[in-house]
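Visitor: Line order of the protein sequences matches chains F and L. Using the working numbering, the letters of the first sequence map in sequence onto residues 1 to 116. Using the working numbering, the letters of the second sequence map in sequence onto residues 117 to 228.
Please keep in mind that the hints were generated in silico from the structure rather than gathered at the bench. Certain hints may be false.
Stated by the list, open to error - In silico lysine-lysine, DSS-like type, Cα no more than 27 Å apart, as pairs:
1. L:LYS223 - L:LYS170
2. L:LYS170 - L:LYS119
3. F:LYS57 - L:LYS185
4. L:LYS119 - F:LYS57
5. L:LYS223 - L:LYS119
6. F:LYS57 - L:LYS168
7. L:LYS185 - L:LYS170
8. L:LYS185 - L:LYS223
9. L:LYS168 - L:LYS185
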Amino acid sequence: KAGVTQTPRYLIKTRGQQVTLSCSPISGHRSVSWYQQTPGQGLQFLFEYFSETQRNKGNFPGRFSGRQFSNSRSEMNVSTLELGDSALYLCASSLGLAGIVAHEQFFGPGTRLTVL
Amino acid sequence: LAKTTQPISMDSYEGQEVNITCSHNNIATNDYITWYQQFPSQGPRFIIQGYKTKVTNEVASLFIPADRKSSTLSLPRVSLSDTAVYYCLVGANSGGYQKVTFGTGTKLQVIP
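Just need the whole structure built from these sequences, with the hints factored in.
Guide: In structure tokens form, the structure reads like this:
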């Protein structure tokens, strides 16, 4: 069974640009969550999508958005990039029927975003 | 919103049992407690999950006291390959705009 895949693995952008990251969940998983990981703030929850609807949301500004497609693949978009957005962005998939934490989450390898 | 606290780092010799505690004083009634392991350049990997009392699987045990304000991950007989960062995660088990909180992570170094 294929794991969670994220593309691209590495990305370099400049301030003010926007970026789109992609996540393909494990087959059969309907929930996709996104996390930001930085040395200073650790792992922070961005949002979760289930059946194409945003079901949970963390405490991030509106520049961070996402969507989920009918095949459960998800994209995350960050507009007007800031230096502080440099981070490892992780996505995780799960069955999700009873919410995020009730199920084991399977994480992808992450996308390393560097903002110059 | 559950806030979690973990020790920043721990050292242990191979073959010893390691206990890592996570404090979550304002855990909500519906919150589950989950532990993940993360190696460098990889995403976190699920270890164990519990709600109350004790849970055991093939790799670890999770102890949760009656008040649920803390939890302890127990790794029996650690090996060098257990060197990693361990995170506790506290979050609701139902949908809706509940926030999901990861602990600060504990870097475990296993010494030969």
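Visitor: Determine for every hint whether it applies to the structure shown.
Guide: Do the hints match the structure? See the list:
1. L:LYS223 - L:LYS170: Distance of about 23 Å is within 27 Å: holds.
2. L:LYS170 - L:LYS119: 22 Å, holds
3. F:LYS57 - L:LYS185: With a Cα-Cα distance of about 24 Å, the restraint between LYS57 of chain F and LYS185 of chain L holds, given a limit of 27 Å.
4. L:LYS119 - F:LYS57: Holds: LYS119 of chain L and LYS57 of chain F sit about 16 Å apart, inside 27 Å.
5. L:LYS223 - L:LYS119: At roughly 19 Å apart (the allowed maximum being 27 Å), LYS119 of chain L and LYS223 of chain L satisfy the hint.
6. F:LYS57 - L:LYS168: 26 Å, holds
7. L:LYS185 - L:LYS170: 14 Å, holds
8. L:LYS185 - L:LYS223: Holds, at roughly 22 Å.
9. L:LYS168 - L:LYS185: 10 Å, holds
Comparing the model with each numbered hint stated earlier shows that all of them hold.
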